[in-house]
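Engineer: Listed below are the residues making up each chain.
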Amino acid sequence: MAGADSPSAALRRRDLCARGIRLAGKMRSDVVNLLDAYVERQGLDASASVAAVEGVPQAAVERWDEQTGTQRLLENLAAYRAFRALLAQMLEEQREQLGEADAALGQALAAMLLQVSAFAYHLEELLRLESRGPPSEEEDGPPPQPQGLFEQKLRGLGVLRELAQWAVRSARDLRQLSKPGPGTGSAPSPSESP
Amino acid sequence: DSHIQYERVGADVTMKCGSMDWDAAVTWTANGTDIDESHLNGSYLILKNVNLMQSGQYSCYEGSSWHLKYQTSLRVGTSPREPVLMCRSNNYPKGFYCSWHLPTPTFIPNIFNISVIHGTKEMVCEKDAVPKNRCHIRYLQLFSTVKYKVTLTVTNALGKNFTTLTFDEFAIVKPDPPESVVAKPVPNNPRRLEVSWQNPSSWPDPESFPLKFFLRYRPLILDQWQHVELSDGTSHTITDAYAGKEYIIQVAAKDNDIGTWSDWSVAVHATPWTEEPKHLTTEAQITETTSASTSSFMAPPTTKICDKGAVVGSGAVAVCWTAGLVVAAYSVLFI
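Going line by line, the protein sequences match chains G and Z. Each residue of the first sequence is one higher than the last, beginning at 1 in UniProt numbering. Each residue of the second sequence is one higher than the last, beginning at 1 in UniProt numbering.
Honestly, the hints are just simulated from the structure, not real lab data. All clues given are correct.
Derived DSS-like pairs: lysine-lysine, alpha-carbon spacing no greater than 30 Å straight-line:
id, chain 1, residue 1, chain 2, residue 2
1, Z, Lys254, Z, Lys127
2, G, Lys26, Z, Lys212
3, Z, Lys94, G, Lys179
4, G, Lys26, Z, Lys94
Here are a few chain G residues that face chain Z, going by a calculated C-beta distance under 7 Å:
id, residue
5, Ala59
6, Arg172
7, Gln176
Idealized CB from N, CA, C, for every residue including glycine.
So here's chain Z without its partners, still in its complex pose:
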């Protein structure tokens, strides 16, 4: 007769050999290995302060006949800690999804139950097959001021726990990052880079629910980003790139009116167009481009320092290039 027995880490466990009397002669095994008599109290098996390693199959055999009298699968674990819950709408206005996980494992099976209430109405969150621990909901109403309350309960054999999130429709809107970001040099323009991208494919209706974008870029050798906010369009030309320097570029998206910015897109690299030096051979060209990023940094002769146009960004990000250059020159020497 086979059971599963769940016990808390650190607990003292007493196993009885089925219906056998206390003074019966028995042998206990753990995963097939005999257990020393010192752990027995009569025919009872005593495990003190159990740990995870002691999980396994325990069997009890009658002394002389070796009949199997009792068998149990011991699972040592913990009751659940408060789960971590997150809800987000990356496909507004279709709906939103919630996903969850436990901050620490319990080592035994857990059941998650989620409830979503909008005002007085209970809504059904449909569980996703993949990934697990995620469910999605279709919006029945739009533009509501009534908040959503999501409660996640986690239960296992040793206990339960729960967490609640309350939010309004607009607050959880966060698109996925823009896709297919491409950055290309512009022929005959040593200071330009053309960047283009696409709306995230999960955003269902960019025409009625347009996204705005945030572009950030910097030469690899500098730490400070330049930022540009774009209220429409899915392309932008950078016009103040340093000639010959490799750039790293990323884009983020946000609904025009509500919610928060997406994560940054995958980073793309690009170097502005440079004029082919006519007097060098092919070998020397290769040497020149590979040493360009490691040699001491020098502003290209065509770059004006601290043009009005070279001060970009706003607020905390607004910075003059010279400050960056001085820092960069020193930092490059230490690379």
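Looking at chain G on its own, in the form it has when it is part of the complex:
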């Protein structure tokens, strides 16, 4: 296993970051399109303010520029793992609500789920390079599922909106990571899970 500072690890990190940045860019444009389609299909008001929904990772962050590389990776990974579970639930809900009537939306959601999973994988690999390893997922239960149809739609809106923000944030995070210098350090994060 290559040490965190070996040349091959540095190359692999740059490669993973570069691919991650491209993937984040694609996720962003795909989720923006998906958001438009979702709002239309679900009969929602695009300008509606959606209060932060439980279980949906918020991209908003304070002192973003002061985060360490490891912090960035951990926060991103937690978010995308949550999005993976949320999108899976949304796919289920969508199949139940609309059945086969809206294959296009279902396909778009499934494609998004794939991209999110791929991105989570990139993050796990980057964490392995930090010789820290990704945290296990065993404790993470599935997110609470909203009961009513309207609540499900609102949550879906919230999920896609936050994912659109996260995709932008992730690209920025990976660029910070691929910069040479202290930003890529693996200083222990203050919010380390026990």
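With chain G fixed as given, assemble chain Z onto it according to the hints.
Structural biologist: Below, chain Z without anything else, positioned relative to chain G:
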């Protein structure tokens, strides 16, 4: 005892001479000039349907003693119309600024008050010394979906008005135009121009927040622009320039992921390299270059018309050169 008195344009103004009785004998002056008695009602000065020209210093003197009994500075103006407010982030992710102005002047002093709310949090917009009517805010949070609500209130002695802007963090990102745009001919290449530029100096971190660029260029004698979008790098070589024709070139910038395009940069001019004609004297060379832009336009012999490569741009801009040439030939004759 001196006051300032603000009155609306078109109003009827009645000025009393301080504590003097209505039937006291007084003289009023406006900016030192006596006012005709026809404007008086007893000792009151009546100004009907005041206009801006009537602003000034009004004084009232007791009839016989010429003691100054009252003085006021009359300022005629209007209450404010709805102000114009604009907010923009040209230094993302540091913060943003808002600037404002009144669409029409009020002619009297105005006070502007700005409030910025992010969700439930009230933020402080620090006023800039220069320019006035501008304030800036540092972002406390990034990547937030919660919108910002900016309310600008303008108040003066005759009334108040306000306007509100609501936007999210990404929507107002608009960099300043690229700087130091330079365009140079490429030696021994009659169809090339090398263009380079720099990131706007106001953009704090182009490494983490890279900009992408839009280049547009055209020969001076044509109206239609060619466009090139560049996702990285701060230089580009134009390879389809018309030999010997002077070009005008501009560049715009945008954050890679969010916001809108900057304004166009300052325009630069350049002409591709041309081979020195060996058989002409210096004088004849000068004549040739100055007449080149005014003579009827002819495609240089080396230019292929409607090459696949000569059709550039996309969508509405994609055009074959021949259409441009025909139009240009006619338009040049009318210059």
